[in-house]
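**Q** Residue-level listing of the chains:
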Amino acid sequence: MQLTYEPVIGLEIHAELRTNSKMFCSCSADYSNAPEPNTFICPVCTGLPGAMPVLNKKAIEQATLVGLALNCSINEFNTFARKNYFYPDLPKGYQISQYELPIASKGYLDILDDTENPLRVVVRRVHIEEDTAKLSHEKNYALVDFNRAGVPLLEIVSEPDMRSVEAALSYATKIRAILRYLGVNSGDMEKGILRFEANVSVRPSGSSELRTRTEIKNLNSFRALTRASAYEIERQIKVYEKGGEVMQETLGWDEARGVTISQRGKEDSHDYRYFPEPDLPPLQLERAWIDSIKSGLPELPDAKTRRFMEQYELKRQEAMLLTSEKSLADYFEDVVSKSKSPAKTIHSWIAGEFMRYMNDSGLALEDIVLPAEKFAQLIDMVTDKTISGNSGKIVLNEMLNAKRGGDPQEIVKAKNLAQVSDTGFIQEAIENILSDNPKEVEQYLAGKETIVQWLMGQVARATKGKADPNVAKELLAKALEERRN
Amino acid sequence: MQLPNLTIREASDLLATKKISSVELTHATLQRAHEIDPKIKSYVTITDDLAIEQAKKADERIAKGENVTPLTGIPFAAKDCISTRNIRTTCSSKILEDYVPQYNATVINKLADAGAVLMGKTNMDEFGMGSSCENSAFFNTHNPWDLERVPGGSSGGSAAAMSASLCSFSLGEDTGGSVRMPAGFCNVTGIKPTYGRVSRYGLISLVSSFDCIGPMSRDVYDCATVLETIAGHDPQDSTTFNSPVPRYTQHVTKSVKGMTIGIPKEYFVSGMEAGVESSIQEAIRTYEKLGMKIQEVSLPNTKYALPVYYLLLFAEASSNLARFDGTRFGLSVSENAKDVIDIYLQTRHKGFGDEVKRRIMLGAYALSAGYYDAYYLKAQKVRTLLRRDFETALASCDILLAPTCPTTAFKLGEKTSDPLEMYLSDIYVVATNPAGVPALALPAGFSNNMPVGMQLIGKHLDEQTLFQVGHAYQQETDWHKQLPNI
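As given, the protein sequences belong to chains A and B, one line each in that order.
Position in the first sequence counted from 1, then plus 26, gives you my numbering.
Position in the second sequence counted from 1, then plus 13, gives you my numbering.
Fair warning: there could be bad hints in the mix.
What the hints assert, rightly or not - Derived SDA-like pairs (lysine to any residue); straight-line CA-CA distance at most 25 Å:
{"#": "1", "chain 1": "A", "residue 1": "K84", "chain 2": "B", "residue 2": "H246"}
{"#": "2", "chain 1": "B", "residue 1": "K351", "chain 2": "A", "residue 2": "A503"}
{"#": "3", "chain 1": "B", "residue 1": "K424", "chain 2": "B", "residue 2": "L160"}
{"#": "4", "chain 1": "B", "residue 1": "K394", "chain 2": "A", "residue 2": "Y298"}
{"#": "5", "chain 1": "B", "residue 1": "K363", "chain 2": "A", "residue 2": "N385"}
{"#": "6", "chain 1": "A", "residue 1": "K292", "chain 2": "B", "residue 2": "E73"}
{"#": "7", "chain 1": "A", "residue 1": "K84", "chain 2": "B", "residue 2": "L358"}
{"#": "8", "chain 1": "A", "residue 1": "K243", "chain 2": "A", "residue 2": "P324"}
{"#": "9", "chain 1": "A", "residue 1": "K292", "chain 2": "B", "residue 2": "D352"}
{"#": "10", "chain 1": "A", "residue 1": "K292", "chain 2": "B", "residue 2": "L358"}
{"#": "11", "chain 1": "A", "residue 1": "K165", "chain 2": "B", "residue 2": "K123"}
{"#": "12", "chain 1": "B", "residue 1": "K123", "chain 2": "B", "residue 2": "L160"}
{"#": "13", "chain 1": "A", "residue 1": "K411", "chain 2": "A", "residue 2": "E399"}
{"#": "14", "chain 1": "A", "residue 1": "K268", "chain 2": "A", "residue 2": "R237"}
{"#": "15", "chain 1": "A", "residue 1": "K474", "chain 2": "A", "residue 2": "A503"}
{"#": "16", "chain 1": "A", "residue 1": "K160", "chain 2": "B", "residue 2": "K370"}
{"#": "17", "chain 1": "A", "residue 1": "K132", "chain 2": "A", "residue 2": "R237"}
{"#": "18", "chain 1": "A", "residue 1": "K419", "chain 2": "A", "residue 2": "K474"}
{"#": "19", "chain 1": "B", "residue 1": "K32", "chain 2": "B", "residue 2": "E73"}
{"#": "20", "chain 1": "B", "residue 1": "K391", "chain 2": "A", "residue 2": "F451"}
{"#": "21", "chain 1": "A", "residue 1": "K165", "chain 2": "B", "residue 2": "F342"}
{"#": "22", "chain 1": "B", "residue 1": "K107", "chain 2": "A", "residue 2": "P114"}
{"#": "23", "chain 1": "A", "residue 1": "K441", "chain 2": "A", "residue 2": "K474"}
{"#": "24", "chain 1": "A", "residue 1": "K109", "chain 2": "B", "residue 2": "K123"}
{"#": "25", "chain 1": "B", "residue 1": "K394", "chain 2": "A", "residue 2": "K411"}
{"#": "26", "chain 1": "A", "residue 1": "K441", "chain 2": "A", "residue 2": "A503"}
{"#": "27", "chain 1": "A", "residue 1": "K109", "chain 2": "B", "residue 2": "A387"}
{"#": "28", "chain 1": "A", "residue 1": "K160", "chain 2": "B", "residue 2": "L344"}
{"#": "29", "chain 1": "A", "residue 1": "K217", "chain 2": "A", "residue 2": "K268"}
{"#": "30", "chain 1": "B", "residue 1": "K370", "chain 2": "A", "residue 2": "I122"}
{"#": "31", "chain 1": "A", "residue 1": "K160", "chain 2": "B", "residue 2": "I276"}
{"#": "32", "chain 1": "A", "residue 1": "K109", "chain 2": "B", "residue 2": "I100"}
{"#": "33", "chain 1": "A", "residue 1": "K84", "chain 2": "A", "residue 2": "R237"}
{"#": "34", "chain 1": "A", "residue 1": "K268", "chain 2": "A", "residue 2": "D297"}
{"#": "35", "chain 1": "A", "residue 1": "K160", "chain 2": "B", "residue 2": "K123"}
{"#": "36", "chain 1": "A", "residue 1": "K243", "chain 2": "B", "residue 2": "K391"}
{"#": "37", "chain 1": "A", "residue 1": "K109", "chain 2": "B", "residue 2": "K32"}
{"#": "38", "chain 1": "B", "residue 1": "K270", "chain 2": "B", "residue 2": "E48"}
{"#": "39", "chain 1": "A", "residue 1": "K109", "chain 2": "B", "residue 2": "R371"}
Read the hints as simulated data drawn from the structure, not as lab findings.
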């Protein structure tokens, strides 16, 4: 009998925090906007002899916020530790991190797994550390840019609770959304502001053992995360099927070739010689301070989804789409508040034509200028039948392309799109169509009633979409019946 | 009048009354340094032009009567592990032989603000690892009282320069006796303040949790003057105390009558040089005459102090010294290097001396997975016991009194072949650093014509009492006024 395998996946997520200054010095943390390499640096973040770290309060605040959002308990007594290893991107020869007492631990995140069933992923710990410098490798040498060195970095470590690539993706996507909701990380994976490491193992389905895992480092996109995990799962299954053993090792992901590559085996694994950072006294967080941070937590995606389902009578999938980004959810609510149309209609417009435009143009919501008020006006014009739905789409695209919004009423006027329920005008169009298409009329009279849809399309075309569909439908039915006998 | 022999207070009075100028004082001191130091070799770098420039500015300040402090116009030397902007700072190591910091240590800024005049940087055991200054990668420093002997370490250059009047005060750094032990060997006064009392920002770390910058001077009053200038909270050093700095000098003359001195019995055991012991007993009698009560106390964990101190030192130092990797500053050796690991290996092989390598290896070992609990963690636990020893002993008395070293200065080369023997010379001074308490070293007589050092150990942040008790002793004795014949 063929053995089936189940993947076991845990994720480590590295997220840079969005603070003004670096973790341990007052240099700007906005390294991606640095004018040149090695301009946002000082003795502290370049590890000059004698320089000492000073904690960034804002980073502690943001880390606490993330811990709370992931249902963790926040540790009031925090210590920092040195993680010792040599690498040219690590100026001090050690990274200041947290080891025994991370800022947050024992949390969880509820996601939907590959079968759309709820899955609770345990968040083992969230700790603060500093980012490294950036290396660029040239032919015979490498260059180091310390602008990134010392930028606050959060490491979010899950238990190996995911049993499919889809679940891992779902977890990663949700963490990203939460970080963006909290305003502590832009979620930009291309720039490495958010990056993943996947711990992967496989085991016979039904087994509860934890087999040897491999660790895939530096996954810089959701695509890389899913492809690398899927590849690694298949690779391990093949190893077991050939009767082999999976080796514990650290892997890299070759995006171009679509394969994982061994970087170092267990015997070469670093001994980081962790010990308490003597330059930073332990950090004691007051209960009241933690509570004040907690009270500042915004409504998070899950809560917002539930509320949207109740308040706006949306289906789960509809609500989830809108709440996937806080800015989108806010925009939706803004349009709803300014419109007389039902929320469900607003959802259809945003999920439909609006998001299609976003996808086609590749623009982010932030880049689109369409005042909620104008969008609401347009939707209301369709709802009250001033224009047809098709005309509405035309107007919307006009408004979006106008960059500065544009006024829906003016566009309707300019394009002569106003809908008419003048029966004479519609009647005339119908009569013309029926006499031009005797074959279709005959088919109708022979009992093929579905031909009505085609005839309605002809009416819409002839009236340039301005005919009120209900009126047209009624008049068409009447005209057809008149042709019986 | 020999200008370089003046105390800070004497010089400051003469400057204030314009009997001398800072340029005269600085010039005379520089001249003496150029004359005498070739024999002593206390300085690694002398900054003549800069010193004269600073002295001129100090004279302007005094002339205008603006911001004049007791240190305005006073020339000083700093141990070469304290960063000085645009002045090379070597830690007496080849790996930093040409390293020129871009910034000043906080203490250097504070002294500059006070108008003190930096004369140069002094020799030390490489990165502070040693007790005789013989681990300097550059040259040995000689004891001004006997050129055949060591000045002590690791702040041997600062002690010798002070002793030979090659500066009006100096800055040392005490990780486990590195101010007090050489102060004792060279007949100068020096303090290891409470850990966290003086900013370490810009001090090239040996052991981050032990290191304390402390002044060395002719007498207790001067020492108090410098400490009250350099002490205090520094936003750039998170381990500094936020509590205000007392005006130590205003209280040094207070009577010590009725106060209690504790004598730790564990420090008075066999192995102490007879002349050292008799000098210390004599000092105790002096205090009795001043109306102080003497009582025996116990520091029961003393026997663990040395292993705990060295173990924690190795561990922290192995990490603190990781940044010397040849990629950003200092020595970089990359001949035929295949990869970056090669650069690290070659640079560190050539750049570090044997003692430094020995300690890095021991420290990396002690922190390794599987050994951490048995070594580092255990040592930290015993460290807590050492701290409690001092708390308990000091609960029943105001200060403790002990020698700074079981012997007087030993001969150059005498202990270099046996690291353990060298480590043992720190036996009386190391325990205070893991405990964090302050200790003042001061001259207490002579044994075979070599100075004997005594230390007073105080409660946390109670430098005040140390200065008071130390000053009282110097009012009754003139050991501190004895100058080497050089």
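**Q** Would you mind marking each hint as holding or not holding in the structure?
**A** A quick look at each hint next to the structure:
A threshold of 25 Å between alpha carbons decides the hint, and for K84(A) with H246(B) the separation of about 22 Å falls inside it, so the pair holds. Under the criterion of a C-alpha separation no larger than 25 Å, the hint pairing K351(B) with A503(A) is inconsistent with the structure, at around 87 Å. A hinted pair counts as satisfied when its Cα atoms are at most 25 Å apart, and K424(B) with L160(B) qualifies at roughly 9 Å. Among the hinted pairs, K394(B) with Y298(A) is consistent with the structure: their alpha-carbon atoms are about 22 Å apart, no more than 25 Å.
Note on K363(B) and N385(A): the hinted pairing is violated, with a Cα-Cα distance of about 59 Å set against a maximum of 25 Å. Only pairs whose Cα atoms come within 25 Å are accepted, and K292(A) paired with E73(B) is rejected, the gap being roughly 67 Å. Of the supplied pair hints, the one linking K84(A) and L358(B) is violated, its CA atoms being roughly 39 Å apart against a limit of 25 Å. A distance of roughly 31 Å separates the Cα atoms of K243(A) and P324(A); the hinted pair therefore is violated under the 25 Å criterion.
Using a Cα cut-off of 25 Å, the hinted pair K292(A) and D352(B) holds, with the two alpha carbons roughly 22 Å apart. Only pairs whose Cα atoms come within 25 Å are accepted, and K292(A) paired with L358(B) is accepted, the gap being roughly 23 Å. Our distance criterion of 25 Å between C-alpha atoms is broken by K165(A) and K123(B), whose separation comes to about 47 Å. Distance hint between K123(B) and L160(B) is unfulfilled; the C-alpha atoms sit about 34 Å from each other, more than 25 Å.
This hinted pair checks out: K411(A) and E399(A) have alpha carbons roughly 18 Å apart, not beyond 25 Å. For the hint pairing K268(A) with R237(A), the CA-to-CA distance comes to about 16 Å; that is within 25 Å, so the pair holds. Restraint check: the Cα-Cα separation between K474(A) and A503(A) comes to about 13 Å, which is no more than 25 Å; the hinted pair holds. Our distance criterion of 25 Å between C-alpha atoms is broken by K160(A) and K370(B), whose separation comes to about 30 Å.
Straight-line distance between C-alpha atoms of K132(A) and R237(A) comes to about 23 Å, which keeps the hinted pair within the 25 Å bound. At most 25 Å may separate the alpha-carbon atoms for a hinted pair to count; K419(A) and K474(A) exceed this at roughly 31 Å. As the CA atoms of K32(B) and E73(B) are separated by approximately 15 Å, the hinted pair is consistent with the 25 Å bound. Pair hint K391(B) plus F451(A) does not hold up; C-alpha atoms about 96 Å apart against a cutoff of 25 Å.
Simply put, K165(A) and F342(B) have alpha-carbon atoms about 23 Å apart, close enough for the 25 Å limit, and the pair holds. Of the pairs offered as hints, the one joining K107(B) and P114(A) holds, with about 21 Å between alpha carbons and a cut-off of 25 Å not exceeded. A hinted pair counts as satisfied when its Cα atoms are at most 25 Å apart, and K441(A) with K474(A) does not qualify at roughly 36 Å. For the hint pairing K109(A) with K123(B), the CA-to-CA distance comes to about 33 Å; that exceeds 25 Å, so the pair is violated.
Taking the CA atoms of K394(B) and K411(A), the gap is near 81 Å; set against the 25 Å cutoff, the hint is violated. Taken as a hint, the K441(A) and A503(A) pair is broken in the structure, with Cα atoms around 29 Å apart against an allowance of 25 Å. In summary, the hint linking K109(A) to A387(B) is supported, as the alpha carbons are separated by about 19 Å, within the 25 Å threshold. Taking the CA atoms of K160(A) and L344(B), the gap is near 22 Å; set against the 25 Å cutoff, the hint holds.
At roughly 40 Å between alpha-carbon atoms, K217(A) and K268(A) are farther apart than 25 Å, so this suggested pair is violated. For the hint linking K370(B) to I122(A), the alpha-carbon distance of about 24 Å falls within 25 Å, and the restraint holds. With a C-alpha separation of about 57 Å, the suggested pairing of K160(A) with I276(B) is violated against the 25 Å cut-off. Between the alpha carbons of K109(A) and I100(B) the distance comes to roughly 32 Å, so the proposed pair goes past 25 Å and is violated.
A C-alpha spacing of about 40 Å is found between K84(A) and R237(A), which places the hinted pair above 25 Å, so the restraint is violated. For the suggested pair K268(A) and D297(A), the alpha carbons sit about 32 Å apart, so the restraint of at most 25 Å is broken. Straight-line distance between C-alpha atoms of K160(A) and K123(B) comes to about 35 Å, which puts the hinted pair past the 25 Å bound. At most 25 Å may separate the alpha-carbon atoms for a hinted pair to count; K243(A) and K391(B) exceed this at roughly 35 Å.
For the hint linking K109(A) to K32(B), the alpha-carbon distance of about 57 Å lies beyond 25 Å, and the restraint is violated. Between K270(B) and E48(B) the CA atoms are separated by roughly 45 Å; this puts the pair beyond 25 Å, and the hint is violated. The suggested pairing of K109(A) with R371(B) holds, with an alpha-carbon distance near 21 Å, which does not exceed 25 Å.
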